[in-house]
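Going letter by letter, the sequence shown gives residues 34 to 243 in this note's numbering.
What the hints contain is simulated information worked out from the structure, not anything from laboratory work.
Hints are supplied without guarantee of correctness; some may be wrong.
[As the list claims (entries may be wrong)] When the alpha-carbon atoms are kept at most 30 Å apart in a straight line, the in silico BS3-like pairs for lysine-lysine are as follows: (1) LYS96 / LYS236; (2) LYS96 / LYS108; (3) LYS41 / LYS88; (4) LYS108 / LYS88.
[Stated by the list, open to error] With beta-carbon atoms standing in for the labels, derived distance ranges: (5) PRO148 / GLY47: 16 to 26 Å; (6) VAL186 / ARG219: 16 to 26 Å; (7) ARG222 / LYS88: 43 to 53 Å; (8) GLU65 / MET206: 58 to 68 Å; (9) GLN140 / GLY162: 39 to 49 Å.
Note that this is a predicted model, so its numbers are computed, not measured.
Beta carbons: idealized from backbone N, C-alpha and C, even for Gly.
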Amino acid sequence: TFNYKHRKQTGGAGQYAHIVGRLELLADDAEEVFQFEECVVGGRVPREYIPSVEKGFRDALAKGPLAGYPIVGVKAVLEDGSYHPVDSSDLAFQICARHAFREAFLQTRPVLLEPVMKVEVECPTAFQGNVAGDLTSRRGMIVATEIQGATAVVEAEVPLAETFGYSTDLRSMTQGQGTFTMEFARYRRVPAAIQEAVIAERKAALVSSQ
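Work out the full structure, taking the sequences as your base and the hints as a guide.
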């Protein structure tokens, strides 16, 4: 949940925005990476500032707390808030939403996700075992295997990070007789040990680029 108040007073016009709500996880098979819902009653957050809140949330998605990677799989629900007739503005509600989202998101114990690809390999049956074993060694999961005469069709889900160089490797293990197709399947949680290494590497890269 979040209950965040953004207030800034300078010599001129001030800034004021206040939002209350919650974050929810989207289902693994959700087609959208982010959803926004508002159920504010009584005009406690004026209608003209609702899009400002959504924009602030979406801006916060672009750079998450885990080494700056984008955030996916979250729904933000705006339930309540308050405003000031003079100091509230589009910018104030955007800033408020960004800070509220980041604070609340850290409370959800975020994890790093990685894209997983659906890989389908066709090869002579003599190489089926080698192909399946190689896919497994790439942190892949064999989904199905089918024999069509002298040809084996192996379907698996493999993390994208483990597929680089696969075309060359497949040719080598099948004596040039294997072919494959690959398409995005879903996002999956990165194993804890790998997550730590990826985040450390990413942080080091960000520091060196500054």
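Taking only the CA atoms, is the gap from LYS108 to LYS88 under or equal to 30 Å? holds, 13 Å
Look at the Cβ atoms of ARG222 and LYS88 and judge whether their distance stays inside 43 to 53 Å. Distance hint for ARG222, LYS88 is violated at roughly 28 Å.
Distance restraint evaluation - VAL186, ARG219, Cβ atoms, bounds 16 to 26 Å: holds, 21 Å
Hint check for MET206 and GLU65 - Cβ pair distance inside 58 to 68 Å: violated, 38 Å
Is LYS96 close enough to LYS236, meaning Cα to Cα at most 30 Å? holds, 13 Å
LYS41 and LYS88: Cα distance at most 30 Å? Roughly 20 Å between the alpha carbons, so the hint for LYS41 and LYS88 holds.
Pair hint outcome, LYS96 versus LYS108 [Cα-Cα no greater than 30 Å]: holds, 16 Å
Using the beta carbons of GLN140 and GLY162, state whether their distance is inside 39 to 49 Å or not. holds, 47 Å
Does the beta carbon distance between PRO148 and GLY47 stay inside 16 to 26 Å, or does it fall outside? violated, 44 Å
Hints 5, 7, 8, counting from the list given before, are not met by this structure.
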